[in-house]
Amino acid sequence: MSGGDWRNAWSEALDELELDVATIEAMLDDEHRNAETPPASLWKAPTELGALPLELKPRADEILTRQLKAAEEIARRMTATRQQMTMTRKIETGEAVKRPVYVDRAM
Numbered sequence: 001m002s003g004g005d006w007r008n009a010w011s012e013a014l015d016e017l018e019l020d021v022a023t024i025e026a027m028l029d030d031e032h033r034n035a036e037t038p039p040a041s042l043w044k045a046p047t048e049l050g051a052l053p054l055e056l057k058p059r060a061d062e063i064l065t066r067q068l069k070a071a072e073e074i075a076r077r078m079t080a081t082r083q084q085m086t087m088t089r090k091i092e093t094g095e096a097v098k099r100p101v102y103v104d105r106a107m
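When you line the sequence shown up against full-length UniProt numbering, it's residues 1 to 107, in that order.
What the hints contain is simulated information worked out from the structure, not anything from laboratory work.
All C-beta atoms in this analysis are idealised placements derived from N, C-alpha and C, irrespective of residue type, glycine included.
Be aware that one or more of the hints could be misleading.
In silico DSBU-like pairs for lysine-lysine, Cα to Cα no more than 30 Å straight-line [claimed, not checked]:
(1) Lys44 - Lys69
(2) Lys57 - Lys69
(3) Lys57 - Lys44
Label pairs and their computed distance ranges (CB to CB) [to be verified]:
(4) Arg82 - Leu49: 33 to 41 Å
(5) Leu52 - Arg89: 41 to 49 Å
(6) Thr47 - Gly4: 15 to 23 Å
(7) Trp6 - Thr79: 37 to 45 Å
(8) Gly4 - Thr79: 40 to 48 Å
With the hints as extra help, turn the sequences into a complete structure.
Listed below in structure tokens is the structure:
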């Protein structure tokens, strides 16, 4: 594989990876996105390309940073959702607010 082809192949692989993380970021930004949205296909690291060209390393690092940030946000939202579900269950069962019950015996 010539030098130009090697760089282009890596650039295309990074394009695909960047598109995946951009899709996740868009889903996180859209609070009302339908929960039925199919998950993105799993990205597979190219095995036939060899080492990443040095000039593409900053771009790859930036994509990794965005991926990690998106993963942290997903984890944060999952925790918040779990807490909200717990509180909702307590409200539905009456556990959240324990109020005294009075019986009118005058009747």
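Task: Range agreement (Cβ of Leu49 with Cβ of Arg82, hint 33 to 41 Å) - done: 40 Å, holds
Open item on the list: Assuming the hint says 37 to 45 Å, is it satisfied by the Cβ distance from Trp6 to Thr79 or not?
Closed with: Once the Cβ atoms are compared, 42 Å apart, the range 37 to 45 Å for Thr79 and Trp6 holds.
TODO: Evaluate the given range 41 to 49 Å for the C-beta pair formed by Leu52 and Arg89.
DONE: 48 Å, holds
Open item on the list: Just to be careful, I want the Cα atoms of Lys44 and Lys69 compared with a cutoff of 30 Å; is the pair within it?
Closed with: 20 Å, holds
Open item on the list: Next pair to validate is Lys57 with Lys69; report whether the Cα-Cα distance is within 30 Å.
Closed with: It holds: about 18 Å lies between the C-alpha atoms, which stays within 30 Å.
- [ ] State, for the Cβ atoms of Thr47 and Gly4, whether the hinted interval 15 to 23 Å holds or is violated.
- [x] 20 Å, holds
Open item on the list: Hinted pair, alpha-carbon criterion (30 Å max): Lys57, Lys44. Please report holds or violated.
Closed with: 18 Å, holds
TODO: Using the Cβ atoms, figure out if Gly4 sits within 40 to 48 Å of Thr79.
DONE: Holds - the Cβ-Cβ distance for Gly4 and Thr79, about 46 Å, lies within 40 to 48 Å.
In summary, the structure agrees with every hint in the numbered list given earlier.
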